[in-house]
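Protein chains: 2
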Amino acid sequence: MLKRWPGNPLVTPEDVRPSRPDWKVDGTFNAGVARIGDTVVMLLRVAESVADAAAGEVRVPLLEPHGEGWRTTTRTFRTDDPAHDFSDPRMVRSRADPREVHLTSMSHLRVARSGNGTDFAVDDAPLLFPADRYERFGCEDARLTVIEGRCYINYTAVSDLGIATALAVTDDFTQVERLGIIHAPDNRDVCLFPRRIAGSYWCLHRPAPLHLGAPEIWIARSPDLIHWGEHRHLAGCMDRAWESAKIGGGAQLIETEKGWLQIYHGVDADQRYSLGALLLDLDDPRIVRARLSRPLASPVEDYERHGFFPDVLFSCGALVEGGELRVYYGAADRVMALGTCALADLWAAMGV
Amino acid sequence: MLKRWPGNPLVTPEDVRPSRPDWKVDGTFNAGVARIGDTVVMLLRVAESVADAAAGEVRVPLLEPHGEGWRTTTRTFRTDDPAHDFSDPRMVRSRADPREVHLTSMSHLRVARSGNGTDFAVDDAPLLFPADRYERFGCEDARLTVIEGRCYINYTAVSDLGIATALAVTDDFTQVERLGIIHAPDNRDVCLFPRRIAGSYWCLHRPAPLHLGAPEIWIARSPDLIHWGEHRHLAGCMDRAWESAKIGGGAQLIETEKGWLQIYHGVDADQRYSLGALLLDLDDPRIVRARLSRPLASPVEDYERHGFFPDVLFSCGALVEGGELRVYYGAADRVMALGTCALADLWAAMGV
Chain A
1 MLKRWPGNPL VTPEDVRPSR PDWKVDGTFN AGVARIGDTV VMLLRVAESV
51 ADAAAGEVRV PLLEPHGEGW RTTTRTFRTD DPAHDFSDPR MVRSRADPRE
101 VHLTSMSHLR VARSGNGTDF AVDDAPLLFP ADRYERFGCE DARLTVIEGR
151 CYINYTAVSD LGIATALAVT DDFTQVERLG IIHAPDNRDV CLFPRRIAGS
201 YWCLHRPAPL HLGAPEIWIA RSPDLIHWGE HRHLAGCMDR AWESAKIGGG
251 AQLIETEKGW LQIYHGVDAD QRYSLGALLL DLDDPRIVRA RLSRPLASPV
301 EDYERHGFFP DVLFSCGALV EGGELRVYYG AADRVMALGT CALADLWAAM
351 GV
Chain B
1 MLKRWPGNPL VTPEDVRPSR PDWKVDGTFN AGVARIGDTV VMLLRVAESV
51 ADAAAGEVRV PLLEPHGEGW RTTTRTFRTD DPAHDFSDPR MVRSRADPRE
101 VHLTSMSHLR VARSGNGTDF AVDDAPLLFP ADRYERFGCE DARLTVIEGR
151 CYINYTAVSD LGIATALAVT DDFTQVERLG IIHAPDNRDV CLFPRRIAGS
201 YWCLHRPAPL HLGAPEIWIA RSPDLIHWGE HRHLAGCMDR AWESAKIGGG
251 AQLIETEKGW LQIYHGVDAD QRYSLGALLL DLDDPRIVRA RLSRPLASPV
301 EDYERHGFFP DVLFSCGALV EGGELRVYYG AADRVMALGT CALADLWAAM
351 GV
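In order, the protein sequences belong to chains A and B.
Note that the first sequence covers residues 1 to 352 in full-length UniProt numbering.
Note that the second sequence covers residues 1 to 352 in full-length UniProt numbering.
In short, the hints are calculated from the structure, not lab data.
Keep in mind that this is a model prediction, so the values were computed, not measured.
Among the clues, some could well be false.
A pair counts as met if it fits within one copy or between any two copies, since identical chains are not told apart.
Stated by the list, open to error - Here are the simulated lysine to aspartate or glutamate pairs, EDC-like style, with alpha carbons at most 20 Å apart:
1. 246 with 97
2. 24 with 68
3. 3 with 283
4. 24 with 124
5. 258 with 22
6. 246 with 160
7. 24 with 100
8. 246 with 100
9. 246 with 311
10. 3 with 257
11. 258 with 324
12. 24 with 302
13. 246 with 268
14. 258 with 224
15. 258 with 52
16. 24 with 284
17. 3 with 239
18. 246 with 80
19. 246 with 321
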């Protein structure tokens, strides 16, 4: 259903300056998106790796304690080192303790701005760079939500302690205040609602449980955006193939006349990521009013099928403007792209 | 260090009436404990299974929707059914979808009372029986914490949606009010503090992440006991064998002159559960002041080594009275036992 923008991809790694001269940019994807006045702001996930590893070596980017804070460094492994397992190109694992892991790339969050929503200028420096114990392996997959005039940034804080969700806030996309971990591991794909409902703030979140249960979408409630409770399971995997293995939240919630629109992702048994749509009740978002049975979009274009991780569409931000749904999405964990559809067509497909 | 009570075990399955005539009690263990006036109250986990399965059959207890609520039922599987896997005696798994699971036992929470802290009379009926979507497989491992004059019960709500932590409150151990899910899956071993510190309520919790990280102890903060945030990693596994595989919270927090005392559990590579002790700063419980390097106790007695699951000591409740630490603990997932030690000896062993 999603019509690809002819100028896709919108942002590629070649458009982004690395944060260190000895690092290279592998991906610019999974961006949070917000309209701020005349500007469409993207907060890109920029994934970087060490540029100049010698043959027979793997060098990983890393955060290490430095004085009161943290700084980046690199660590070099020899690929003939029998103590480590290099079989997964995304990580280096200790053979003695499989929980001792280093990731081969590290992500930070970088601003890009556009007047027309399609031509983006990317900042030269990060807005939010990994800087604490919970971000040793990176900051990923930001969502932007304007609530009561401030722009909240929720993002995935990744470390050897687990994959958690952190919150930050900015008023100008220059200064950022970190507000701490709002969902303990293993929890990502958090999507905020842009206003209070029934007196509370709300979010979707996606626990990934170790024992029973599957990675699916839950909803929680908060008095202050910092402390969350009243957790409920909201939407699960379905028998239809495209969302049979796992699902998780995507874009920030969008208020429409039909309800709260959520663009989420569904994953099939072959790890192929498609986009889906959910509609939640305006007055009680714990009620699912409609769910699109087929994908809003699945990977078909070359930049969606081939990249860092193949066959991935993953949205962290969308806008509804002039009756049109504009879904910004990361494609194949490498580039940013845009797809649009008339809201009326979406409602018809959802039967509302 | 823990001196076993000569009258151990304190409570056994033989002391407890099943909740249905066709069910049997397999375990009475992992009880929360509180002193309420002259009475020591235990809230036992009572694990039950179906009594009368025929040869070649497995019958599982189950909650099913009934009208507006839920009721218990049983489901029978033939052990020669090729669609299901019966190799783990604790569960029946669908071979087509390993996430489709039934547990062979279901737990509820039952009150026992004692005037002297060692002779307990067990109620004939459950206090808190599984009754909602999040409790389809049972309610487990309660902790009792008296806060501002009310007794809060946090417990593990187990279902096919995951292992979550729920909160309830009672004033009389007759009526209970459920307060919902306070930690989404996979999260159990939650321990509350009995009063506000720096204006907030606090808890320890134990996320079990699917991807990175290990099952370890985190701490969180709340304005109201319902909504939790400001999550921080508090204590991890250690190189010493007895707590090398995982750790998790045990008893409710106990205020002492030296700090907040936490009796927790550590698990070794062979799934052997020992008891440990942590001391947290009185004014800022995010600071670990001391940690016992050796176990407070490890399974040695016959009732600790052999039961439903071998070699387990697991405390959900402890008291400090007259300079003595009294640790109530589940042994081998079957019975309740008591161990004591002089607080002065514990402080000496912890170096405080």
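Verification of the hints:
For the homomeric pair residue 246 and residue 97, the shortest alpha-carbon distance between copies (13 Å) is at most 20 Å, but the shortest distance inside one copy (27 Å) is not. Taking identical chains as interchangeable, the C-alpha atoms of residue 24 and residue 68 are never at most 20 Å apart, the minima being 27 Å within one chain and 58 Å between chains. In the homo-oligomer, the alpha carbons of residue 3 and residue 283 never lie at most 20 Å apart, since the shortest distance is 31 Å inside one protomer and 57 Å across protomers. Taking CA atoms no more than 20 Å apart as the test, residue 24 paired with residue 124 passes inside one copy only; the shortest distance there is 14 Å, against 68 Å between copies.
Proximity of residue 258 and residue 22 under a CA criterion of 20 Å is satisfied in neither setting, with 50 Å inside one chain copy and 50 Å between copies. Proximity of residue 246 to residue 160 under the C-alpha cut-off of 20 Å is restricted to the inter-copy arrangement: shortest distance 15 Å between copies versus 23 Å within a copy. For the identical chains of this complex, residue 24 and residue 100 are neighbours neither inside a copy (25 Å) nor across copies (44 Å), given an alpha-carbon limit of 20 Å. Taking identical chains as interchangeable, the C-alpha atoms of residue 246 and residue 100 lie at most 20 Å apart only when they sit on different chains, with a minimum of 14 Å there against 26 Å within one chain.
Proximity of residue 246 and residue 311 under a CA criterion of 20 Å is satisfied intra-copy only: 15 Å inside one chain copy versus 36 Å between copies. In this assembly of identical chains, residue 3 and residue 257 lie within 20 Å of each other by CA distance neither inside one copy nor across copies; the values are 23 Å within and 67 Å between. In this assembly of identical chains, the alpha carbons of residue 258 and residue 324 lie at most 20 Å apart only when taken from the same copy (14 Å versus 62 Å across copies). Neither within a single protomer nor between protomers do residue 24 and residue 302 lie at most 20 Å apart by alpha-carbon distance, with minima of 23 Å and 60 Å respectively.
Taking the closest pair of Cα atoms, residue 246 and residue 268 come within 20 Å of each other only inside a single copy of the chain (7 Å); across copies the shortest separation is 32 Å, beyond that limit. Proximity of residue 258 to residue 224 under the C-alpha cut-off of 20 Å is found in neither arrangement, the shortest distances being 26 Å within a copy and 34 Å between copies. In this assembly of identical chains, the alpha carbons of residue 258 and residue 52 never lie at most 20 Å apart, being 52 Å within a copy and 53 Å across copies at closest. In this assembly of identical chains, the alpha carbons of residue 24 and residue 284 never lie at most 20 Å apart, being 45 Å within a copy and 42 Å across copies at closest.
In this assembly of identical chains, the alpha carbons of residue 3 and residue 239 never lie at most 20 Å apart, being 26 Å within a copy and 55 Å across copies at closest. Proximity of residue 246 to residue 80 under the C-alpha cut-off of 20 Å is found in neither arrangement, the shortest distances being 36 Å within a copy and 31 Å between copies. In the homo-oligomer, the alpha carbons of residue 246 and residue 321 never lie at most 20 Å apart, since the shortest distance is 30 Å inside one protomer and 50 Å across protomers.
Taken one by one, the earlier hints fail for this structure at numbers 2, 3, 5, 7, 10, 12, 14, 15, 16, 17, 18 and 19, listed in ascending order.
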